[in-house]
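These protein sequence lines map, in sequence, to chains V and W.
Numbered per our numbering, the first sequence spans residues 14 to 460.
Numbered per our numbering, the second sequence spans residues 24 to 220.
Source of the hints: derived by calculation from the structure; they are not laboratory data.
In this text, a Cβ means the ideal position worked out from N, Cα and C, and glycines have one as well.
One or more hints might be untrue.
[As the list claims (entries may be wrong)] Derived contacts from chain W toward chain V, CB cut-off under 7 Å, selection only:
hint	residue
1	N139
2	S143
3	V147
4	I166
5	Y167
6	I175
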Amino acid sequence: MAACLPGLLRNIDLVKFRCSCGKLSPIYRQYFCRYCLSLRCWYCVSHEVDSYFCGNCLESMPSTEAKMKRNRCGNCLCCPICLHNLSVRASSHSVPNPADPNKPLSKKLYYLSCGQCRWTTRDIGMPDKPAASGLWADPENLHMSRIEVLIEFYQSLASIEKLEKQRKKVSARRRTLTMYDRQTGRRRSSLVSSFSSLGLSTSQPPMEAPIISPLSELPPLSEEFYSSTELSDSSTLPQRHAVPESQPPSRRSLNPIHRQLVLRRNARCRGCDHNLCKPDYIPGSIKFKIELLALHHVPEVGLVAPRNPLAFSVESRVIISISNPSDQPTSLWLQPLSNRELDDVTATIIPPDGELHLAAKDDMAEFEEPSSGDAGTDDAVVYRRSNKIHVATSVTPHKPAGDVVVALRMAYDYHNTVMALQSKGETAAKVSRLSQTLILNLGSVQL
Amino acid sequence: MANPTSVAVKTSLRIGPQATVCQDSEIRGEVIIGPKTVIHPKARIIAESGPIIIGEGNLVEELVTIINKCDEDSDRGQRVPLIIGNYNVLEVGCRLEALGTGDYNVLEVKSQVGRNTVLSNGCVIGAMCKVVTRETLPDFTVIYGKDHERRIQHERPQPQLLQLDLLSKVLPSYHHLKKARNISRQSSVSSTASSTN
Chain V
14 MAACLPGLLR
24 NIDLVKFRCS
34 CGKLSPIYRQ
44 YFCRYCLSLR
54 CWYCVSHEVD
64 SYFCGNCLES
74 MPSTEAKMKR
84 NRCGNCLCCP
94 ICLHNLSVRA
104 SSHSVPNPAD
114 PNKPLSKKLY
124 YLSCGQCRWT
134 TRDIGMPDKP
144 AASGLWADPE
154 NLHMSRIEVL
164 IEFYQSLASI
174 EKLEKQRKKV
184 SARRRTLTMY
194 DRQTGRRRSS
204 LVSSFSSLGL
214 STSQPPMEAP
224 IISPLSELPP
234 LSEEFYSSTE
244 LSDSSTLPQR
254 HAVPESQPPS
264 RRSLNPIHRQ
274 LVLRRNARCR
284 GCDHNLCKPD
294 YIPGSIKFKI
304 ELLALHHVPE
314 VGLVAPRNPL
324 AFSVESRVII
334 SISNPSDQPT
344 SLWLQPLSNR
354 ELDDVTATII
364 PPDGELHLAA
374 KDDMAEFEEP
384 SSGDAGTDDA
394 VVYRRSNKIH
404 VATSVTPHKP
414 AGDVVVALRM
424 AYDYHNTVMA
434 LQSKGETAAK
444 VSRLSQTLIL
454 NLGSVQL
Chain W
24 MANPTSVAVK
34 TSLRIGPQAT
44 VCQDSEIRGE
54 VIIGPKTVIH
64 PKARIIAESG
74 PIIIGEGNLV
84 EELVTIINKC
94 DEDSDRGQRV
104 PLIIGNYNVL
114 EVGCRLEALG
124 TGDYNVLEVK
134 SQVGRNTVLS
144 NGCVIGAMCK
154 VVTRETLPDF
164 TVIYGKDHER
174 RIQHERPQPQ
184 LLQLDLLSKV
194 LPSYHHLKKA
204 RNISRQSSVS
214 STASSTN
């Protein structure tokens, strides 16, 4: 089984492909653009915001709604101590029945409790609520009125600046037009009246800046700062920064925090602006609307043998596996890369010459019996099964210490189905010869 | 860890009334289990260098190791008992070596408590947390998180009465139980009271 998943069960970073921007990354982390026929890694893809969702209740919302809610979920609350999810717990209390004083009613009251640090809303003195959700009110922000005054002042400043900018533009136009109109001899005042019809109002007197006057006298420091220092009662800095509106110094004032929303992003190719990766609308779904992963379009290369470290300057036999992701048979050519092109290479590799044939990917193959025939006409192929082959190469490390790194160039035929759909009359998919640069890290040299 | 080639300890097991001890659990040495306690299968209670006394209403889940094993250099030769109080919950995979444990404690999954720690009442040792310091944890301490942060909780953990009830009814229908000479209720209360004092 381990031989079937060479890349995944062993180190994922063993085989790295060179992306079109020059960076190396494993094939599992790259995208493939079908329109420009090139690999795109995480860094040469432009990321766009798709939507926001809450990690707990999986409620999705667009960017505008998220902005209104300040990137917080309305329903889900987090523990202020450890930022873990709060779960609702019920406790039954007996309440005197107003109708019959002898039989007390049992009423269910709810409180929030953290699973990790065992914090409850009772710790801050919040009374239990009769309903499970919706009654967990946030405390009022004490500074809200001051913030609103400041926002109003700055908004008025911004509008004044905007008007001035427009007036400058208009006055620039006005100067050219007065020159023009000197020839006709019109009076300037009529020009002013014509511009006022554009709707520019005269400048309003600016609002007074809402400055808080500094205190002349400060009250003396209360005695409790010197006597009572209960460290277990004071909040830590991360806990205070999670509630920037109040930043309470005492743990008894820490209220539950609304959970922050998580971003979902689209990946777009920087070359041709096509979407490479677009997730499904439902946050809980693992499907994609558009999924152009490199794994589905570029042959996957992995290391099969040897498991032991290679010895210095000894030509060892290394077996790599190549698997075909497409549903058309492909041909593959492997060529070594010279050391001049890449700096990290510490070993030479002699891959097999000639064309390697790979069968199409067959989804039913795993349910059928493995066919022993069809070993193929290629000499270098050691093992073949449906769309996967194992190929023997020989590797000679140059350096006595460090990692054995080899570089290969892989050329293969890519069947492009996109272009076939777009052009009329052509039923066969367009076949293009693509080539990728591979870097394989075969582990450290045997000391 | 229990060495199979160590000195063979004479197993003497006394189980209180209404306690449920599964046959598949490994109990070695002198062990007294209080009433209403439930010991799941695959639990290991090993009293190597001293007896183990477990109080009432405790819940000892699978793969739990309660081991009374002295250090090589200290307290050699003395047979110190390992005492666990009442209504504690030892969740799956935890390891308790502490000589003194009070009531209403919760040791979460895969937590470990060393021999020199003393757990008082109402403490919660979080999942995968390892506490081996030579100290007595204050009442209602909660140790949680990757960095073993601590805080004091306001309420003690609820005793798992419903769970104990359910298990004492369900476990016998799927597992064989260990039966030992029952000790009377009065003597069990007095023994736990005298040992915790």
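Structure-based check of each hint:
no. : hint : result
1   : N139 : violated, 23 Å
2   : S143 : violated, 16 Å
3   : V147 : holds, 6 Å
4   : I166 : violated, 9 Å
5   : Y167 : holds, 5 Å
6   : I175 : holds, 6 Å
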